[in-house]
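Build out the structure end to end from the sequences listed, making use of the hints.
Protein chains in written order, with our numbering: chain A, 3 to 433; chain B, 2 to 185.
For the record, the hints were derived by calculation from the structure and aren't laboratory data.
Derived lysine-lysine pairs resembling DSBU-like cross-links, with alpha carbons at most 35 Å apart:
no. : chain 1 : residue 1 : chain 2 : residue 2
1   : A       : K197      : A       : K211
2   : A       : K194      : B       : K146
3   : A       : K107      : B       : K102
4   : B       : K112      : A       : K328
5   : B       : K172      : A       : K197
6   : B       : K104      : A       : K341
7   : B       : K104      : A       : K107
8   : B       : K112      : B       : K18
9   : A       : K328      : B       : K102
10  : A       : K40       : A       : K328
11  : A       : K388      : A       : K197
12  : A       : K107      : B       : K146
13  : B       : K39       : A       : K107
14  : A       : K328      : B       : K18
15  : B       : K146      : A       : K197
16  : A       : K338      : B       : K104
17  : B       : K112      : B       : K146
18  : B       : K39       : A       : K338
19  : B       : K18       : B       : K104
20  : A       : K414      : A       : K107
21  : A       : K338      : B       : K102
22  : B       : K122      : A       : K328
23  : A       : K341      : B       : K102
24  : B       : K39       : B       : K172
25  : A       : K262      : A       : K328
26  : B       : K104      : A       : K328
27  : B       : K18       : B       : K123
28  : A       : K328      : B       : K39
29  : A       : K262      : B       : K39
30  : A       : K388      : B       : K172
31  : A       : K306      : A       : K414
32  : A       : K328      : B       : K123
33  : A       : K262      : B       : K146
34  : B       : K39       : A       : K341
35  : A       : K328      : B       : K146
36  : B       : K18       : A       : K388
37  : B       : K112      : A       : K338
38  : B       : K172      : B       : K104
39  : B       : K112      : A       : K107
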Amino acid sequence: MLTYEVHVRDPLYGYIGLTADEVQLLDTAPIQRLRRIKQLANAHLVYPSACHTRFEHSLGVLHIATLMAEHLGIGEDDLINLRYAAMLHDVGHGPFSHVFEASLKRINGDETTHEDITTRIIGEDDEISSILGDAAGEVAAILSEDQNGILNQIMSGNLDADKIDYLRRDSYHIGVNYGNFDLERILHTIQKTEKTRDWEPEHIVIHEKGMDAIESFRLARFLMHTQVYHHHTNVAANRMLQRAVEVAIRDGIVDVERIKLNNEDFLEYYLSLDDARLITQILSEPGSTAAELIRRLEMRDLFKRGYSMYVSQEENYNIRYYLGTKFAAEGESARKIEKAVAEECGCDPDYIIADLVRIENSLFKSSPVLTEKEKFPFLIKMRDGKIEELEHYSTLAYTGEPRTIFYIFCPKEHRQSVQEHAREILDRTVW
Amino acid sequence: MDEFDGILAMLNAADGKISGRTTIQKLGYFSTVRGAIKARYRPHYYGPYSAEIAGAIQALVSYGFIEERVEIPESPGHTSSLYMRRYTYTLTDDGRGLIQKLKEEHGPEIKEIEDIINICKKTANLDSRILSWAAKVHYIQTLEKRDLSHDEIQEIARTLSWDISDEQIRKGLDLLGDLRISGG
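Below is the structure:
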C-alpha cells in the first residue's frame, strides 16, 4: 500500500496522491520543465483555452496507470516503477512537443523519437538517476518500445494510460466533448490474459461486456484527430512553426550541432529548451525569415489553404500513388513542389508549405493492421474465454476511403495565385 | 524498395493475385531478408509480422491499387475466428498501371521478388503454413545467428508463443534451402 505525502489537485480526477519519492522526482528540473511545454503546441490558436501542458498530463497518466494496474492486479513493486515511468514518459519531449520532434528526426534520422531522449534522460540526468537508483533500468524498460509486457502495454499500446488521459484532458481544456468515453466501464472490464504456460506473453484484454466502451474510446480517438489534432488551421499553425524552426536551423539561428544526438552537450542544451526559450532564440535575429514566421504566428496571421485535395479522390493514379505513399513533408518532394509554386506565384519558397495529413486511426484500418506501428490490436475476451480481435465484432469498422489530405499552405495574399497554379504544378512535378 | 512498391511487385510476380494475409506477410519477409524490400519484422501470432507491410496493404486497398476480397464464415460471431477468414488480394487496373514505372526504377529488386515467388510457388504452392514454418525457423536462426538443432528451434519458438513440429521445421528448412537464405 503506497503512502501518499502530497495530494495534487487535478480538474479531471480530483486529488492525485504522490509518495515522498515521487514528490522528489516531480521537483527535478527535467520534470518541472514540462510545465513550460504546451501539450498541443499551437492548438490554442484555434481553441484559445488549449494551453495545458505536458506536466499535468504526466500526473494524469500516473493516476490512470495506477487505476489500470489496480484492476489488472499488478503488485506493489511493479506499481512503484510503473508510476515513475508514467511521470517520466514525456520528459523527452522538446519545445512544442511533436513540432520540434520533426526537426530532430530530420537531423538525427527517422528512427529518432522523443522516447529515445526520455531513455537517455532517465539514464544520464544526475537528479533523476539518483532518485530512481536501482529502479532506473526497470523504469526505462517499461518505456521501451522494444518490449511488450503488461507494464509496457499500460504505458504504450492501443489502450494505454497515455491516450486515456490525453483524449479526456485535451477535450476538457479545449472545451469539446469528442474525446470523452466511458472510462469507468473500461477500467471495470479490463483484464489480463490468463497464462496456461510460463512462457506465454500476457496481453491486456477487455471482457466482452466492455466492448461498447472500447468502441466509444476508438470513436473518441478518431474524432479528436479529425476535429482537433488535424484541424486544418491547427495543422497550418504547427507547420508554420515547424518551418520557422527548420529555417532557423538552416540559417544558423539555432545551432544544428547542438541538436545532434551525438553531441556531448546535447542533453544539457535540449533540457534548456522549452516553448518560450525556443521562440526567444528564433526572434534573436529580428530580420530573419524564421522570425517573420514567428511574428505571423504571434499575430495569428496564419497561412491559408491555397490548395487542398483528398488524395484518394485524385484521378491521376501516378499522383495518387506518389502522394499517398511517397510524399514526406519537409522532404525533397515537398521542396520541389514548394519551389515550383513559389516561382509561379512570385513568392519566397519558405512561405509555401506542402503538407500531407494522414489520419492514422483504427476506424480506417482493419485489424490485424494495428492502430499504431508495432502495437497489437484490441483484444476481446469472449464469454466462452476465447480471445478475439475487436475488428471481427465491431460495428464501427470503416470501409470508405482514407482521409489523407494534401495541402499547400501560403500567405493569404498568395492564396488565389496558388489556387490557380497548384494543379498544373502537381501534374508536372510529381513522378 | 519500400513496402508499397514491394507489395505491388509481389502481386505482379504472382500473376496479379495472392490469397491470404499470412502468405503476403511471409513473402514480404523473404523479400526483406533477400534485400529487395525494406520492412521491419517482429514476432506475431503466425511468425514474423510487419506492421508496415500490413499498413501498406490497407493503404493500397484504400487508394484503389489493390482489391481485397474477404471470405467470411457462415456464422460470424459464433464460430468465426481469425483462423477461418481468408483475404484475397488482386492488382487493380490502376495498380497494374504503376508496374512499368516500378520496373524502370527497381529492376533488380523486382527480379529478386519474381525469383522468390517462383520458388515459393514451386516448393510450397504459396501455402501460407509452409511459408510460416520457414519464416519462423529463419527468424529463430537469425536471433541466435547460427544453425540450430530442431530441439533448440522448438525451445526458442515456445518463448515466442509459436508451436512448431519436427516435420514442420524440416519443411521450413527445405523451403529456406530453395530460397538460398539462412539465418544461421
